[in-house]
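From first to last, the protein sequence lines stand for chains A and B.
Residue numbering for the first sequence follows the working numbering, starting at 1 and increasing by one per position.
Residue numbering for the second sequence follows the working numbering, starting at 1 and increasing by one per position.
It is worth saying that the hints were derived from the structure and are not from the lab.
It cannot be assumed that every hint is accurate.
Only pairs whose alpha carbons sit at most 20 Å apart, straight line, appear in this in silico SDA-like list of lysine to any residue [what the hints assert, rightly or not]:
id, chain 1, residue 1, chain 2, residue 2
1, B, LYS56, A, PRO8
2, A, LYS9, B, GLU42
3, B, LYS54, B, LEU66
4, B, LYS38, B, SER52
5, B, LYS54, B, SER74
6, B, LYS38, A, SER65
7, B, LYS105, A, LEU39
8, B, LYS105, A, GLY42
9, B, LYS38, A, PRO111
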Amino acid sequence: DSGVTQTPKHLITATGQRVTLRCSPRSGDLSVYWYQQSLDQGLQFLIQYYNGEERAKGNILERFSAQQFPDLHSELNLSSLELGDSALYFCASSARTSGEGGSGDTQYFGPGTRLTVL
Amino acid sequence: DQQVKQNSPSLSVQEGRISILNCDYTNSMFDYFLWYKKYPAEGPTFLISISSIKDKNEDGRFTVFLNKSAKHLSLHIVPSQPGDSAVYFCAAYSNYQLIWGAGTKLIIKP
């Protein structure tokens with residue numbers, strides 16, 4: 001158990017709908033990261049928040065947005081859903097954030113939310 | 001442009017032998033590398049990491065080697081066990097992002 005929790009575990013919805021995925025980081029972790037994994041492909045980094053502020057953006061679509069709340073939990077909002085958005089969505093947390101030199105921090109992953117768009 | 005490459009999609013190893021997973025990178029600014037293990041439909045699990053100021057880091061059966069001049073790192077698992085069958089991802093930090101390889105599926109044969 002990594003200490004990162006994600007809800008819901010499974011989500012089935014229709015095209016055009018909007019869903020919200022929730023993540024609670026490990027106790028004390030300030031950074032939250034969101035990733036997408038489609039059909040046994042690699043992990044695609046979506047976005048990172050550090051202590052409530054957006055820190056880095058990856059391949060996140062404009063239809064997707066995220067936020068980190070004062071209690072450090074995070075939500076990923078997916079709107080105007082398409083069939084291709086069906087994937088596993090993972091949240092990870094770390095204690096700090098990487099600096100401009102690239103030095104990193106170990107990310108611990110939650111169990112994921114499986115989103116199915118019909 | 002893939003900055004972190006795992007060129008072997010899969011690897012099959014006999015139980016009890018050594019498993020060697022390889023990873024190459026292109027960005028010389030990477031200075032922190034991690035290996036993760038992932039079972040199907042589960043989140044990746046952190047295994048071991050290495051800073052660029054080191055060339056080796058060991059944790060139990062897992063050892064990571066870093067060759068900065070060749071921009072290459074490898075994960076050694078000795079001895080390999082059935083529970084090691086999983087997908088292994090190599091990742092490297094660049095600024096605030098962790099850049100991931102595509103993964104290598106390790107199969108441990110009895």
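For each hint, the structure was consulted:
1. B/LYS56 to A/PRO8: violated (39 Å)
2. A/LYS9 to B/GLU42: Satisfied, since the Cα-Cα distance of roughly 11 Å is no more than 20 Å.
3. B/LYS54 to B/LEU66: holds (7 Å)
4. B/LYS38 to B/SER52: violated (24 Å)
5. B/LYS54 to B/SER74: holds (13 Å)
6. B/LYS38 to A/SER65: violated (26 Å)
7. B/LYS105 to A/LEU39: holds (14 Å)
8. B/LYS105 to A/GLY42: holds (12 Å)
9. B/LYS38 to A/PRO111: The given pair, whose Cα atoms are some 11 Å apart, holds under the 20 Å limit.
Of the numbered hints listed earlier, those contradicted by the structure are 1, 4 and 6.
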